[in-house]
Amino acid sequence: SQQGEEDPQALSIQEGENATMNCSYKTSINNLQWYRQNSGRGLVHLILIRSNEREKHSGRLRVTLDTSKKSSSLLITASRAADTASYFCATETSGGSNYKLTFGKGTLLTVNP
Amino acid sequence: NAGVMQNPRHLVRRRGQEARLRCSPVKGHSHVYWYRQLPEEGLKFMVYLQKENIIDESGMPKERFSAEFPKEGPSILRIQQVVRGDSAAYFCASSPLGGTEAFFGQGTRLTVV
Numbered sequence: 001s002q003q004g005e006e007d008p009q010a011l012s013i014q015e016g017e018n019a020t021m022n023c024s025y026k027t028s029i030n031n032l033q034w035y036r037q038n039s040g041r042g043l044v045h046l047i048l049i050r051s052n053e054r055e056k057h058s059g060r061l062r063v064t065l066d067t068s069k070k071s072s073s074l075l076i077t078a079s080r081a082a083d084t085a086s087y088f089c090a091t092e093t094s095g096g097s098n099y100k101l102t103f104g105k106g107t108l109l110t111v112n113p
Numbered sequence: 114n115a116g117v118m119q120n121p122r123h124l125v126r127r128r129g130q131e132a133r134l135r136c137s138p139v140k141g142h143s144h145v146y147w148y149r150q151l152p153e154e155g156l157k158f159m160v161y162l163q164k165e166n167i168i169d170e171s172g173m174p175k176e177r178f179s180a181e182f183p184k185e186g187p188s189i190l191r192i193q194q195v196v197r198g199d200s201a202a203y204f205c206a207s208s209p210l211g212g213t214e215a216f217f218g219q220g221t222r223l224t225v226v
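These protein sequence lines map, in sequence, to chains A and W.
Using this note's numbering, the first residue of the first sequence is number 1, and each one after it goes up by one.
Using this note's numbering, the first residue of the second sequence is number 114, and each one after it goes up by one.
Next up, chain A with everything else stripped away, as it sits in the complex (with noise of 0.2 Å):
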């Protein structure tokens, strides 16, 4: 089953403005990872929040984590066309030497100029 789901599951916004994407997870996680996705390319990874973390920043992207609540958010402030992209949560779990990534099905961001 998934573990992160997006939210919402495409968002399009004029340049300048802020883009918000939500996350949401099922199991204790060791840390969330953020990645994006350009058009049939790899993943880019982005941010990675700690389990014991509630905040980090990193340039125009800000993360937040409430692990009570188990969801995360990305923030993108004054976008840009060329943030226009797939953006993923990605959450680590681990049991012994397992340390597993498992990704959301995405919100597809476009950007428009």
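In short, the hints are calculated from the structure, not lab data.
In this text the structure is predicted, and so the values were computed from the model without any measurement.
Please note that a few of the clues may not be correct.
[Unchecked claim] Heads up, simulated DSSO-like pairs for lysine-lysine below, C-alpha to C-alpha not over 30 Å straight-line: (1) A/Lys105 / W/Lys157; (2) W/Lys140 / A/Lys56; (3) W/Lys164 / A/Lys100; (4) A/Lys26 / W/Lys175; (5) A/Lys26 / A/Lys56; (6) W/Lys157 / A/Lys70; (7) A/Lys100 / W/Lys184; (8) W/Lys175 / A/Lys100; (9) A/Lys100 / A/Lys69; (10) A/Lys26 / W/Lys157; (11) A/Lys100 / A/Lys70; (12) A/Lys56 / W/Lys184; (13) A/Lys70 / A/Lys105; (14) A/Lys105 / W/Lys164; (15) A/Lys69 / W/Lys157.
[To be verified] Sample of chain W residues at the chain A side, in silico, Cβ under 10 Å: (16) Gln150; (17) Phe158; (18) Val196; (19) Arg197; (20) Ser200; (21) Ala202; (22) Phe204; (23) Leu210; (24) Gly212; (25) Thr213; (26) Ala215.
[Unchecked claim] Some chain W residues well away from chain A (every beta-carbon gap over 10 Å; in silico): (27) Gly129; (28) Arg133; (29) Arg135; (30) Lys157; (31) Ser179; (32) Thr224.
In this text, a Cβ means the ideal position worked out from N, Cα and C, and glycines have one as well.
Given chain A's structure and the hints, the job is docking chain W onto it.
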């Protein structure tokens, strides 16, 4: 400092043939993950390997699919007797150890005709 290298980028196979997908992880990375992505969907976990060991193959069909990550050389995902439903993009990722970001390759797009 090369990233994750996957080859071939595109692979066309007739039904019943074998497909071999190769993944060279980032130098020094001992964790390799394989994922499958269907059009407009997220990444589905297939298998997680550490050097010479399969740690978690819960996402890989038990028949026709196999994976290895030998002491020397790339990781190989093998699909025997391919069927049309195997057509997808297959992504490989590597990480140096658990709890860190994963680096993705550009994927192999398999088309079964």
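Hint check:
1. Proximity of A/Lys105 to W/Lys157 is assessed by CA-CA distance (about 9 Å); at most 30 Å being required, the pair is judged to hold.
2. Restraint check: the Cα-Cα separation between W/Lys140 and A/Lys56 comes to about 28 Å, which is no more than 30 Å; the hinted pair holds.
3. As the CA atoms of W/Lys164 and A/Lys100 are separated by approximately 15 Å, the hinted pair is consistent with the 30 Å bound.
4. Restraint check for A/Lys26 and W/Lys175: satisfied, since their Cα atoms lie roughly 26 Å apart, inside the 30 Å limit.
5. A distance of roughly 21 Å separates the Cα atoms of A/Lys26 and A/Lys56; the hinted pair therefore holds under the 30 Å criterion.
6. Between the alpha carbons of W/Lys157 and A/Lys70 the distance comes to roughly 21 Å, so the proposed pair stays at or under 30 Å and holds.
7. Of the supplied pair hints, the one linking A/Lys100 and W/Lys184 holds, its CA atoms being roughly 21 Å apart against a limit of 30 Å.
8. Of the pairs offered as hints, the one joining W/Lys175 and A/Lys100 holds, with about 19 Å between alpha carbons and a cut-off of 30 Å not exceeded.
9. For the proposed pair A/Lys100 and A/Lys69, the alpha carbon gap of about 21 Å is at most 30 Å, so the pair holds.
10. Using a Cα cut-off of 30 Å, the hinted pair A/Lys26 and W/Lys157 holds, with the two alpha carbons roughly 16 Å apart.
11. For the given pair, A/Lys100 sits about 17 Å from A/Lys70 by alpha-carbon distance, which is consistent with the 30 Å threshold.
12. Proximity of A/Lys56 to W/Lys184 is assessed by CA-CA distance (about 37 Å); at most 30 Å being required, the pair is judged violated.
13. Between A/Lys70 and A/Lys105 the CA atoms are separated by roughly 17 Å; this keeps the pair inside 30 Å, and the hint holds.
14. The straight-line distance between the Cα atoms of A/Lys105 and W/Lys164 is roughly 29 Å, inside the 30 Å bound, and the hint therefore holds.
15. With a CA separation close to 24 Å, the supplied pair A/Lys69 and W/Lys157 stays within the 30 Å bound.
16. For the restraint placing W/Gln150 at the interface with chain A, the shortest Cβ-Cβ distance is roughly 9 Å, inside the 10 Å limit, so the hint holds.
17. For W/Phe158, the interface hint holds, since its Cβ comes within 10 Å of a Cβ in chain A; the closest pair sits about 6 Å apart.
18. The interface hint given for W/Val196 is broken, as the beta carbon of that residue sits about 23 Å from the closest beta carbon of chain A, more than 10 Å.
19. For W/Arg197, the shortest C-beta to C-beta distance to chain A is roughly 20 Å, which exceeds 10 Å, and the interface hint is violated.
20. Taking 10 Å as the C-beta contact cut-off toward chain A, the hint placing W/Ser200 at the interface is violated, the least distance being around 15 Å.
21. Hint status for W/Ala202 relative to chain A: holds, with the closest Cβ pair at about 8 Å, below 10 Å.
22. For W/Phe204, the suggested interface contact is upheld, since its CB lies about 6 Å from the closest CB of chain A, less than 10 Å.
23. At a threshold of 10 Å, the smallest CB-CB gap from W/Leu210 to chain A is about 8 Å, leaving the interface hint in force.
24. This hint holds: W/Gly212 has a C-beta 6 Å from the nearest C-beta of chain A, less than the 10 Å allowed.
25. Hint status for W/Thr213: holds, given a least beta-carbon distance of 7 Å to chain A, under 10 Å.
26. Restraint check, W/Ala215 versus chain A: the minimum CB separation of about 6 Å is within 10 Å; hint holds.
27. Here W/Gly129 stays apart from chain A, with its beta-carbon at least about 27 Å from theirs, past the 10 Å limit.
28. A cut-off of 10 Å between C-beta atoms confirms that W/Arg133 is not in contact with chain A; the least separation is 19 Å.
29. At the 10 Å boundary, the C-beta of W/Arg135 stays outside the reach of chain A, the nearest C-beta of that chain being 15 Å off.
30. Annotated as non-interface, W/Lys157 brings its C-beta within 10 Å of a C-beta of chain A; the closest such distance is 8 Å.
31. Consistency note on W/Ser179: stated as away from chain A, and its beta-carbon is indeed over 10 Å from all of that chain's, at 19 Å minimum.
32. Distance check for W/Thr224 against chain A: the nearest CB is about 14 Å away, which clears 10 Å, and the non-interface claim stands.
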